[in-house]
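Residue numbers (the working numbering), protein chains in the order written: chain Z, 3 to 466; chain R, 3 to 466.
The set of hints was computed from the structure by calculation and includes no laboratory data.
It is possible that part of the hints are untrue.
[Unchecked claim] Calculated pairs, BS3-like style, for lysine-lysine (alpha carbon to alpha carbon, straight line, at most 30 Å): (1) R/Lys351 with Z/Lys167; (2) R/Lys400 with Z/Lys400; (3) R/Lys400 with Z/Lys30; (4) Z/Lys387 with R/Lys138; (5) Z/Lys72 with Z/Lys118; (6) R/Lys30 with Z/Lys167; (7) Z/Lys138 with Z/Lys227; (8) R/Lys154 with Z/Lys382; (9) Z/Lys400 with R/Lys30; (10) Z/Lys117 with Z/Lys72; (11) Z/Lys167 with R/Lys153; (12) Z/Lys379 with R/Lys351; (13) R/Lys351 with R/Lys81; (14) Z/Lys30 with R/Lys387; (15) Z/Lys387 with R/Lys154; (16) Z/Lys41 with R/Lys247; (17) R/Lys117 with R/Lys81; (18) R/Lys274 with Z/Lys167; (19) Z/Lys118 with Z/Lys167; (20) R/Lys119 with Z/Lys51; (21) R/Lys387 with Z/Lys400; (22) R/Lys138 with R/Lys117; (23) R/Lys195 with R/Lys154; (24) Z/Lys387 with R/Lys400; (25) R/Lys52 with R/Lys41; (26) R/Lys323 with R/Lys274; (27) R/Lys138 with R/Lys153; (28) Z/Lys247 with R/Lys41; (29) R/Lys382 with Z/Lys400; (30) R/Lys65 with R/Lys81; (31) R/Lys316 with Z/Lys382; (32) R/Lys30 with Z/Lys387; (33) R/Lys379 with Z/Lys387; (34) Z/Lys227 with Z/Lys274; (35) Z/Lys316 with R/Lys167; (36) Z/Lys30 with R/Lys167; (37) Z/Lys119 with R/Lys51.
Number of protein chains: 2
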Amino acid sequence: MKKWLFFPLFVMAGTAICAQQEDSAMIKRISDEILTHGKAYENLRHLTKKIGGRLAGSGGMVKAEQWGLKVMQESGADKAWLQECMVPHWVRGGTDAAEAVYTVPATGTKNMIPKKKGLDIVALGNSEGTGKSAVKADVLVVNSFDELESKKDQVKGKIVFYNYKFNDTYVQTFLAYRDAGQYRGQGPSRAAKYGAKAVIVRSMSHAADNNPHTGATRYDSAYAKIPAVAIGLRDADWLSEQAAKGIVKVSLKTNGHFLPDTIGHNVIGELKGSEYPGEIIVVGGHLDSWDNCEGAHDDGAGCVQTMEILRAFKAIGYTPKRTIRFVLFANEENGLRGGNKYAEEAKAKGEKHIFAIESDAGGFTPRSLGFTLPDDKFAKVLQWKPLIAPYGCTEFQKGGGGADIGPLARTQGTPTGSLNPDSQRYFDIHHARSDVFEAVNKRELELGAVNMAAIIYLIDKYGL
Amino acid sequence: MKKWLFFPLFVMAGTAICAQQEDSAMIKRISDEILTHGKAYENLRHLTKKIGGRLAGSGGMVKAEQWGLKVMQESGADKAWLQECMVPHWVRGGTDAAEAVYTVPATGTKNMIPKKKGLDIVALGNSEGTGKSAVKADVLVVNSFDELESKKDQVKGKIVFYNYKFNDTYVQTFLAYRDAGQYRGQGPSRAAKYGAKAVIVRSMSHAADNNPHTGATRYDSAYAKIPAVAIGLRDADWLSEQAAKGIVKVSLKTNGHFLPDTIGHNVIGELKGSEYPGEIIVVGGHLDSWDNCEGAHDDGAGCVQTMEILRAFKAIGYTPKRTIRFVLFANEENGLRGGNKYAEEAKAKGEKHIFAIESDAGGFTPRSLGFTLPDDKFAKVLQWKPLIAPYGCTEFQKGGGGADIGPLARTQGTPTGSLNPDSQRYFDIHHARSDVFEAVNKRELELGAVNMAAIIYLIDKYGL
C-alpha cells in the first residue's frame, strides 16, 4: 500500500519534470530561431539608416509607422493596424548654435583679452527657442539646486549653467540618471523663477566624448519659458573652469517651438489566442525617438525586438493560447500619448490585459527581468528563472515596467515587466547623436528578444 | 540561564554582521575609487595607441614590458620587476595577400570567363609562409573534418577551405569558439596529411564585418607545414558560393616564419603581505597580443585591470595581509612561456600560492566569477557572492582559471579563478584588426577590475 500512496506524487513530479523539459526545449527553439534567422538587426538597420530620427509629429515618425505596419504584417501578425492618437509636435526649428567669449590674460601683460570658443549644444526637447536674436549673457555656474538657491540674487539676467555631475559611483546607471535628470526637467523653470535668461545643463552622461544629450524638459507655467540647452562633458568642464577664473559670456541661438498637436499612431500587431483570446499579453517599445540621433538603442532596439518575437513565434509555428499584442508606441519621449491612448482604448473596450512588458533600456546584453506584480504572481514567475537564466536574464527583480505600459498598470492594474539589459553603455549615447545603429551589437539585441519571448511564452502557456 | 546559552550565538552572529558591513563598505570604497579615479582606461589607451600590437618577441612587446614596469611602479607596487623567460619569435614577415580567380558565364553566352577578386586574409599565427612565390591552386571547400575525410582523395594539390561555421546558437560564445577552434588548430596538418598545398579557414567569429581573425595553429610534425590563413565571414560565404558554382583558383602569398627564440619578460608588481607574506595571491592578464591588432580586449584589458587593482588598493590605503602579485604574462598567444616560467620559478623558490585569478576574456561588463577549487573552498567563496553581486558578478561558477595561471594550478595545485565578462561581443573582434581601444567601454572595463579587486580583498582578508 505504501507504494501506492506515493504514486500520485511521483506522477505529479513526473508531469512537472516533463513540462519543464518541454518548456526548456521550446525556449531553446525560440532562441535558436532568433540567433540564427533573426531579422531584428536588419530591421534596426532600416529603421535607423533609412528612416532615422523620428520625433512624434515628424515626417520620420510617419515613415516609421508605415514601415512598422509592413514589418508587423511580414512578420506574420494575424492582424496589424495603426491606432490613431494626437501627439505633441515640438520642432527644433533650425540649427542650435552657441559661442562662449571668455577673458584670458594676454601673454606678458596683466591685460585681459577676450577669446572665443564654439560650444557644441543641443536644445532640450520641448524648450522654447531664443527667438530671432541670440540670447547673450554672463554665465552663472551652479553645481546643484542648493547652490542655485544660495546664489539666487545673482541669477537675474544671467545664463545659469547647471554643472551637476552624473554620479559615476552608481553601478546601476539608471540611478545616476534619475539623480541628475531633475536638472534637465526642472532646471529651466527653477532658474527662470529668479530671472535667468536661459539655462545650460551638463549632459546626463559619463561618456568620454563631448556629444550633448537632449531630452524633455518641463516648464512650470508659473515662470517664463526660457531657452534651455545641454552641452557635452568636455565643454561642461571647460565652461566651469573658465567661469571659475573670470567672466564667461555665452551667446545661445535656438529655435525650438511647439506646433499644434498632430496625428500620430501606435503600430499594433496581434496573434489571436487559441484558447483564451480575451486574455491579452502586450510586448512593446516606443517608435518615436529624439530628432538629433538615429534612436537605435532608444528605442529602435525595443521595437525590432518586439517584432522579432512575433516573427520567431510564427517561424517556429507557435500558436499562443492567449492573445499577444506587439506594440510600437507613438510618443514616449515627450508626451506619452501613445501609451495613454492604448490604455484608454483597452479600457473603453473592456479588454483584459494580463501582462505587459516593455523593452526601453537599450539593445544591450540582457541581465534581468523586472516585474511589478502581487507577491503570489511574482512567486509563480520566479519559478521560471532557471528556464530563462541560460539566455542572459539570470536575475528576476521586483519592480519592472515601462513608460508606455505605465498607463495600463495605472488604469487597469495590469501586471507589468521590463527587460533590463546591462546599463553601462546606455548613458554614453542616450539622446545624443551617438545613438546610432553602429552602437548596437547584433547578438546582444537578439538575446533581448529571446529573453522576452521566453517569459511571454511561459505566461501565455500558464497564465498569470 | 537560557538567556546566557544563547549569548555566544548572538555575539557570533553580531560579529558576522559587523564583518559583512565592513566588507561591504570596503568593497564600495574600492568600487568608488575605480569608477571615479580609475586609470585603467587611460592606461589602455596608451598601451593600444602608443604601443599597439605586441606579439612575443616583437619590438612592441619590449616597449610594453618597459611601460608595464613603469605603471606598476607608479601604481604603488612595493616592488616591481621583470621576470625573464625565453619566448617563441614568430613573425608575419610581410604583407599577407590573396586573390581568387573564378569562372563566370559571360553575358549573353554560355562561355565562361575568368574574374578576379581580392580576398582579405590573415596568416594564422605560427604558420609557415608560402615562400617567395605564391601558392596557387584550386579550392576544395569542406564544411567539416568529416567532409575532409570523405573527400580525402580530392585533397592533393588543392587549397583546402574549411568553411566550418561558428555556431550562433551557443549563448556562451566561448563554447562556439571551442567548437570551431579545432579547424584553426588542427586544420592545416589534417589537410597536409592528404597532400593539400595550403589551408584557408573561416574566421572563428559571428561578426557582421569581413575582418579575418588570426590565432595560433599547431602543426603536427608528421606532415608538411603548409601555409594557412583565415578569411572573414563575407569572403567565406562568397568563396563557398563560387566554389559550389564552378572552379575557384586562389593564389596565396604569406611570409610567416619563426626566428630563433628570444628573450621576453613577465612584468610583476607586488604588495607585500603584512601578516602572512608567505601566502601569495596572483592576479593577472597577458601582455602579449597578436600583431594584426591593438590587443585592446585581448588582453590589454586584463593587464590594465590588473594594475588598476594595485593602484586602487594603494589609493585607498589598503594594506593586504597576504602578498599580492600583479602579473602581466609574457606569452599567452603562442607559447605560454610566461605562465610556465612564473610557475617554474614559484616552485623552485618554494613559494606558496593560495589563489590565482586571470582576466583574459575581454574588458566587457562583468557577469560572473569562475573558480576551480575543492568543494569546501568553493562553499566558502560562495558565501561572498552577495557582497560582490551588486558590482556585476551576480553568478559564481564552478570552473575558472586562465591559460597563464594554468601552470600554477597544474604544478602546485593552486586554486584558480577567472573573471567572466559578458561574451557576446568578444568574437566579433578577437584576434582581428577590430580589437582596438574604441571597442572597449570605460565603465565595463573598470567594473571588471572592481569585481576582481573585491574577491582578492576577501581572499586576502579571510584566506582560502
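Here is what the structure says about each hint:
The hinted pair formed by R/Lys351 and Z/Lys167 fails the criterion: a straight-line CA distance of about 50 Å is larger than 30 Å. Distance restraint check for R/Lys400 and Z/Lys400: the Cα-Cα separation of roughly 28 Å lies within the 30 Å cut-off, and the hinted pair is therefore satisfied. As the CA atoms of R/Lys400 and Z/Lys30 are separated by approximately 23 Å, the hinted pair is consistent with the 30 Å bound. Pair hint Z/Lys387 plus R/Lys138 does not hold up; C-alpha atoms about 55 Å apart against a cutoff of 30 Å.
This hinted pair does not check out: Z/Lys72 and Z/Lys118 have alpha carbons roughly 50 Å apart, beyond 30 Å. Of the supplied pair hints, the one linking R/Lys30 and Z/Lys167 holds, its CA atoms being roughly 19 Å apart against a limit of 30 Å. In summary, the hint linking Z/Lys138 to Z/Lys227 is supported, as the alpha carbons are separated by about 16 Å, within the 30 Å threshold. This hinted pair does not check out: R/Lys154 and Z/Lys382 have alpha carbons roughly 56 Å apart, beyond 30 Å.
About 23 Å separates the Cα atoms of Z/Lys400 and R/Lys30, which keeps this hinted pair within 30 Å; it holds. For the given pair, Z/Lys117 sits about 54 Å from Z/Lys72 by alpha-carbon distance, which is inconsistent with the 30 Å threshold. Our distance criterion of 30 Å between C-alpha atoms is broken by Z/Lys167 and R/Lys153, whose separation comes to about 65 Å. Distance hint between Z/Lys379 and R/Lys351 is unfulfilled; the C-alpha atoms sit about 60 Å from each other, more than 30 Å.
For the given pair, R/Lys351 sits about 17 Å from R/Lys81 by alpha-carbon distance, which is consistent with the 30 Å threshold. Under the criterion of a C-alpha separation no larger than 30 Å, the hint pairing Z/Lys30 with R/Lys387 is consistent with the structure, at around 28 Å. Restraint check for Z/Lys387 and R/Lys154: not satisfied, since their Cα atoms lie roughly 48 Å apart, outside the 30 Å limit. Straight-line distance between C-alpha atoms of Z/Lys41 and R/Lys247 comes to about 28 Å, which keeps the hinted pair within the 30 Å bound.
For the proposed pair R/Lys117 and R/Lys81, the alpha carbon gap of about 62 Å is over 30 Å, so the pair is violated. About 37 Å separates the Cα atoms of R/Lys274 and Z/Lys167, which puts this hinted pair outside 30 Å; it is violated. A threshold of 30 Å between alpha carbons decides the hint, and for Z/Lys118 with Z/Lys167 the separation of about 25 Å falls inside it, so the pair holds. For the proposed pair R/Lys119 and Z/Lys51, the alpha carbon gap of about 29 Å is at most 30 Å, so the pair holds.
Distance check on the hinted pair: R/Lys387 and Z/Lys400 sit about 20 Å apart at the alpha-carbon level, within 30 Å; holds. Distance hint between R/Lys138 and R/Lys117 is fulfilled; the C-alpha atoms sit about 15 Å from each other, no more than 30 Å. Distance check on the hinted pair: R/Lys195 and R/Lys154 sit about 9 Å apart at the alpha-carbon level, within 30 Å; holds. About 19 Å separates the Cα atoms of Z/Lys387 and R/Lys400, which keeps this hinted pair within 30 Å; it holds.
Of the supplied pair hints, the one linking R/Lys52 and R/Lys41 holds, its CA atoms being roughly 16 Å apart against a limit of 30 Å. Note on R/Lys323 and R/Lys274: the hinted pairing holds, with a Cα-Cα distance of about 8 Å set against a maximum of 30 Å. Distance check on the hinted pair: R/Lys138 and R/Lys153 sit about 20 Å apart at the alpha-carbon level, within 30 Å; holds. For the hint linking Z/Lys247 to R/Lys41, the alpha-carbon distance of about 28 Å falls within 30 Å, and the restraint holds.
For a cut-off of 30 Å, the pair hint linking R/Lys382 to Z/Lys400 stands: about 28 Å separates their Cα positions. A distance of roughly 20 Å separates the Cα atoms of R/Lys65 and R/Lys81; the hinted pair therefore holds under the 30 Å criterion. Distance check on the hinted pair: R/Lys316 and Z/Lys382 sit about 47 Å apart at the alpha-carbon level, beyond 30 Å; violated. For the suggested pair R/Lys30 and Z/Lys387, the alpha carbons sit about 28 Å apart, so the restraint of at most 30 Å is met.
Between the alpha carbons of R/Lys379 and Z/Lys387 the distance comes to roughly 27 Å, so the proposed pair stays at or under 30 Å and holds. Among the hinted pairs, Z/Lys227 with Z/Lys274 is inconsistent with the structure: their alpha-carbon atoms are about 48 Å apart, more than 30 Å. The hinted pair formed by Z/Lys316 and R/Lys167 meets the criterion: a straight-line CA distance of about 26 Å does not exceed 30 Å. Of the supplied pair hints, the one linking Z/Lys30 and R/Lys167 holds, its CA atoms being roughly 19 Å apart against a limit of 30 Å.
Of the supplied pair hints, the one linking Z/Lys119 and R/Lys51 holds, its CA atoms being roughly 29 Å apart against a limit of 30 Å.
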